[in-house]
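Using the sequences provided together with the hints, build the complete structure.
Chains as they are written, first to last, in the working numbering: chain H, 1 to 278; chain S, 1 to 334.
Careful: at least some of the hints might be erroneous.
Think about it this way: if two alpha-carbon atoms lie no more than 30 Å apart in a straight line, the pair counts; the simulated DSS-like pairs of lysine-lysine are [claimed, not checked]: (1) S/Lys-94 <-> S/Lys-81; (2) S/Lys-294 <-> S/Lys-195; (3) S/Lys-180 <-> H/Lys-13; (4) S/Lys-294 <-> S/Lys-94; (5) S/Lys-180 <-> S/Lys-195; (6) S/Lys-294 <-> S/Lys-81; (7) S/Lys-294 <-> H/Lys-135; (8) S/Lys-239 <-> H/Lys-13; (9) H/Lys-187 <-> H/Lys-105; (10) H/Lys-135 <-> S/Lys-94.
These are calculated hints, taken from the structure and not from any lab test.
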Amino acid sequence: MIGKESTAGRATKFTFLGLWLLFTVFPLYWITITSLKAPGDIFAFPIAYWPEHFSLENYSGLFGKADFGVYLTNSLIIATVAAAIATVISMLSAYVLARFEFRTKSALLMAALVTQMIPTFIALGPLYLLMTDLKMVDNRLGLILVYIAVCIPFCTVMLRGFFENIPDALEEAAMIDGLSRFGALFKVLLPVMRPGIVAAFIFNFVNCWNELFLSVTLMNSDSNKTVPTALNGFISSFNIDWGSMSAAAVLTILPTMVLFAFASRHIVQGLTAGAVKG
Amino acid sequence: MPTASETTEPTGTQRTTAAGASGNGGARPVRKVRQGRRKPEFTARRGFMIALFMAPAAVFVAVFTYYPMIAGSQMAFRNWKLTDLTDTSWIGLKNFQDVFADPAWSTVLGNTGIWVVGSIVPQLVIGFALALWLRRRFRFRGLYQALIFFPWAISGFLIGILFRWMFNSEFGVVNDLLQKAGLIDEPVAWLADPKTAMFAVVVANVWYGVTFFTIMILAALQSIPEELYEASALDGAGKVRTLFQITIPYIRVTLVLTVLLRVIWIFNFPDLIFGMTGGGPNNETHIVTTWMIKITQQGDYGRASALGLIVVATLLVFATFFLLATREKREVKP
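This is how it looks when you write it as structure tokens:
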């Protein structure tokens with residue numbers, strides 16, 4: 001199988017790989033092309049696969065008619081802060097789960113898994129009431145707190161995988177050299193873990209950036225909306241304006257794609273290290 | 001730029017270390033790494049440290065995830081309607097009876113089956129095939145893997161939007177391409193007919209989900225010692241026999257766990273359908289979790305919560321049976 005490969009085998013392989021790549025990339029190509037057509041050309045026959053005239057009208061409309069800049073800023077702030085704090089907190093819990101044996105450990109891991117099984121919507125009502133009591137409805141800090149909690153379980157499992165791949169000997173040597181456990185963690189382990197930490201942060205960021213239902217529930221006023229909430233508004237308020245929608249979609253996807261391109265290698269590593277071990 | 005998998009090419013004999021150091025999702029070896037952990041010394045200081053490090057995570061998840069979930073779960077047994085909050089009394093299993101008595105319930109269940117099985121089978125098959133094809137190094141393999149990984153950066157909701165636009169009956173590119181290829185004569189109103197609409201949402205989900213299988217299986221494939229293949233080749237085993245007698249048994253753990261994880265996620269993944277059809281036309285493309293959204297929007301939190309508990313119970317039962325059914329085989333040494 002990994003030995004010799006026939007010419008026919010190679011041809012089949014690259015044909016299928018090519019087709020799959022085409023299938024994967026096409027929707028992204030299509031939404032981008034749509035967004036770059038003049039609003040009238042989007043609904044013109046025959047459908048143009050490469051527009052004669054490129055236009056940025058859809059984009060300028062977004063920032064003119066809708067406050068898309070505000071939504072982007074909100075999403076950026078919320079996702080960055082929540083992802084950063086969640087990563088730091090998960091690092092601590094992942095470290096303990098990777099390095100120590102203790103009685104409640106499997107229960108804690110199970111508790112993390114269960115959060116993945118429960119539909120978000122079961123918690124929305126009580127969460128809204130809780131946030132009302134905390135005076136944090138329609139408040140960016142409130143959404144940040146909720147997102148941190150959403151990110152922690154999977155991020156912990158992912159980072160735990162990274163920690164387990166670093167030999168104990170590394171910190172032990174550092175501790176023999178006189179560093180405390182904290183010192184060993186921050187001065188020796190973290191530098192080695194940097195790719196994993198970056199991957200975890202990006203994974204968290206993308207999850208927060210993309211989150212829809214919690215944000216729709218907790219953010220009411222226009223000045224506090226995040227990007228997904230705004231996109232959702234495009235659907236309900238006017239039977240989908242595909243020009244604005246496609247431009248907004250591209251602006252939403254672009255940052256996360258850049259981040260993923262940057263870190264895909266480490267995210268893959270994190271997923272395969274953490275998730276499979278569960 | 002070496003990809004994750006390039007760095008994980010183990011040389012068989014050092015399976016344990018290779019798998020441990022590279023974090024691939026291989027079979028048993030990964031678990032063995034933990035045996036070497038230091039013995040637990042139950043000192044107060046150690047306990048204090050564990051508690052200290054776990055505390056922030058535990059507090060956040062307890063307050064913002066577990067508390068609302070538990071509070072939400074008890075609504076399933078109460079009359080909890082947004083329209084009338086004066087009477088939130090306990091009503092036993094009434095909400096569950098209402099769920100099952102709803103004429104739409106059988107459609108919702110059927111759709112959930114189509115959604116889960118229809119998505120997971122192609123995802124597994126295509127994901128497996130891609131992983132086999134990506135095993136051997138070739139130029140631009142790293143780039144290829146990064147490119148097919150892109151769908152993962154997009155939210156389920158937006159994926160729904162992208163495919164909603166492509167499957168648009170009038171201006172959709174899918175109809176245009178199919179007509180150009182001569183496969184259809186008339187434009188198809190994909191999202192207006194429940195049958196084609198279910199097909200379309202499954203296509204979108206397959207588009208999104210294949211990569212996860214690919215990366216998981218690829219990582220596992222790379223933990224298979226080369227000698228096994230050499231021995232198999234000496235025995236004169238063909239490709240198919242090698243696949244079923246060596247490859248699949250060896251990566252069984254990864255396969256089982258990946259399928260389990262994906263089933264849980266797909267079951268719990270209303271976002272895509274929510275963005276693509278919104279459950280329409282006529283509520284005929286709802287799955288259990290989008291149905292739950294609809295019931296929530298109607299303000300019947302009690303019944304929505306009952307639906308949520310049904311999801312959790314189903315997944316727990318499924319996970320248990322799935323792991324039991326595959327356990328014996330997992331113990332077989334490859």
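**Hint numbers not upheld by this structure, sorted from lowest to highest** = 10
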